[in-house]
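Student: For the sequence shown, position 279 (counting from the first letter as 1) is numbered 290 according to my numbering, and the numbering increases by one without interruption.
For the record, the hints were derived by calculation from the structure and aren't laboratory data. Computed from a predicted model, the values in this text were never measured in an experiment. Some hints here could point you the wrong way.
[What the hints assert, rightly or not] Under the rule of at most 25 angstroms between Cα atoms (straight-line distance), these lysine-lysine pairs were calculated in the BS3-like manner: (1) Lys139 with Lys34; (2) Lys49 with Lys245; (3) Lys34 with Lys49; (4) Lys323 with Lys245; (5) Lys214 with Lys16; (6) Lys186 with Lys275; (7) Lys34 with Lys137; (8) Lys49 with Lys139; (9) Lys245 with Lys318; (10) Lys214 with Lys275; (11) Lys137 with Lys40; (12) Lys40 with Lys139.
[As the list claims (entries may be wrong)] Derived Cβ-Cβ restraints for the label pairs, each shown as a range: (13) Leu116 with Gly215: 17 to 23 angstroms; (14) Arg94 with Ala272: 29 to 35 angstroms; (15) Met175 with Leu278: 19 to 25 angstroms.
Idealized CB from N, CA, C, for every residue including glycine.
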Amino acid sequence: MEDYKSLFIIIAGLVLFLYALNKLSDHLKELSGDKMKKVLDRFTSNLFTGILTGLIVTILLDSSSAVIIMAIALVNVHAMTFRQAMGVVMGANIGTTISSQIFALNIGEYAALPVAAGFLLMVMHKRKVYRDIGGIIFSFGLIFFGLFTMEEAVEPLRNSNYFMSWMQSLDTTWKGVSTGAFVTLVIQSSSATVGMVIGLASKGLISFAASVSVMLGAELGTCADTLVATIGRKRAAIRTGVFHLTFNLITITLGVIVLSAFTKLVLLISENASIEQKVANAHMLFNALGVIIMIPFVHWLEQLMTKLVPDKSLTVRTRKESIEMAEL
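All chains should be built: construct the whole structure from the sequences, respecting the hints.
Tutor: Here it is as structure tokens:
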């Protein structure tokens, strides 16, 4: 019965966390208006400015999916080229790791302060800009309270043999990766998955190696949003979503291959940091290294994406040529 009680509290904390995360993104979008789309359109003249812009806008909006979906929309209306969007996608992958660094601060017990301050701003001011600022502060507080609720709820699960054996099984790399991908696919938030992993690690319920494996899986699961956003779009926009998936698949595969060496590197860099900080550092280092390693291959990836998702006119012409050859 105790296990079910903990599970219900974990679900409640997760729902609160996801709600706060969505509200935070909504308030940030409201505050910025269409400025973020204009920034993406204006400051992505080449790959490197695209990476930097994607990174900064993701930090400001606290959502890599939102930024990549905006890039897909801009590519769809020819306001951005596919090559520019590739930079934005890569930058967004780095920008999303800032949230894990914030989660690692472990300030959930003080969440009542921003919740109260944000609520007062929302109800006391008539000007929309102040209500949005209040909503941002309020949402930040709810995010940390949701994480804190989940962290406290998992503590009693130490006594559950089933739960502990399942946690230990995540040390198997591919099981950790598949679990991270599945959880992210279900809850539609890689930030929530990483946040939960940080919470479990802080309670000593999951090993560092397993945390990294689940984090890698979360990077795969987060591609679902952007792939859905390409439905009904033009070929260049679809290419952007497929690039996001391909990029993450390649970097995750490389991460799994060198997982042992990677975890040693993170532990070496992190030194005496807390376990939650080590997980956040692993998230940031993995995504940053992934972008650095893949930059030299961007031209090749662009050609590959064009072959995988060719322009419609090319597809029709190729099909016509095949029919003509068959008739001959």
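Student: For each hint, tell me whether it holds in the structure or not.
Tutor: Now the hints, each set against the structure:
1. Distance restraint check for lysine 139 and lysine 34: the Cα-Cα separation of roughly 15 angstroms lies within the 25 angstroms cut-off, and the hinted pair is therefore satisfied.
2. At roughly 20 angstroms between alpha-carbon atoms, lysine 49 and lysine 245 fall within 25 angstroms of each other, so this suggested pair holds.
3. Our distance criterion of 25 angstroms between C-alpha atoms is met by lysine 34 and lysine 49, whose separation comes to about 22 angstroms.
4. With a CA separation close to 9 angstroms, the supplied pair lysine 323 and lysine 245 stays within the 25 angstroms bound.
5. For the given pair, lysine 214 sits about 18 angstroms from lysine 16 by alpha-carbon distance, which is consistent with the 25 angstroms threshold.
6. Between the alpha carbons of lysine 186 and lysine 275 the distance comes to roughly 20 angstroms, so the proposed pair stays at or under 25 angstroms and holds.
7. Taken as a hint, the lysine 34 and lysine 137 pair is honoured in the structure, with Cα atoms around 19 angstroms apart against an allowance of 25 angstroms.
8. Distance restraint check for lysine 49 and lysine 139: the Cα-Cα separation of roughly 22 angstroms lies within the 25 angstroms cut-off, and the hinted pair is therefore satisfied.
9. Our distance criterion of 25 angstroms between C-alpha atoms is met by lysine 245 and lysine 318, whose separation comes to about 15 angstroms.
10. Of the supplied pair hints, the one linking lysine 214 and lysine 275 holds, its CA atoms being roughly 21 angstroms apart against a limit of 25 angstroms.
11. About 19 angstroms separates the Cα atoms of lysine 137 and lysine 40, which keeps this hinted pair within 25 angstroms; it holds.
12. For the given pair, lysine 40 sits about 13 angstroms from lysine 139 by alpha-carbon distance, which is consistent with the 25 angstroms threshold.
13. Roughly 18 angstroms separates the CB atoms of leucine 116 and glycine 215, a value that falls within the hinted 17 to 23 angstroms.
14. A C-beta distance of roughly 32 angstroms is found between arginine 94 and alanine 272, which places it inside the suggested range of 29 to 35 angstroms.
15. For methionine 175 and leucine 278, the Cβ-Cβ distance of about 23 angstroms falls inside the hinted range of 19 to 25 angstroms, so the restraint holds.
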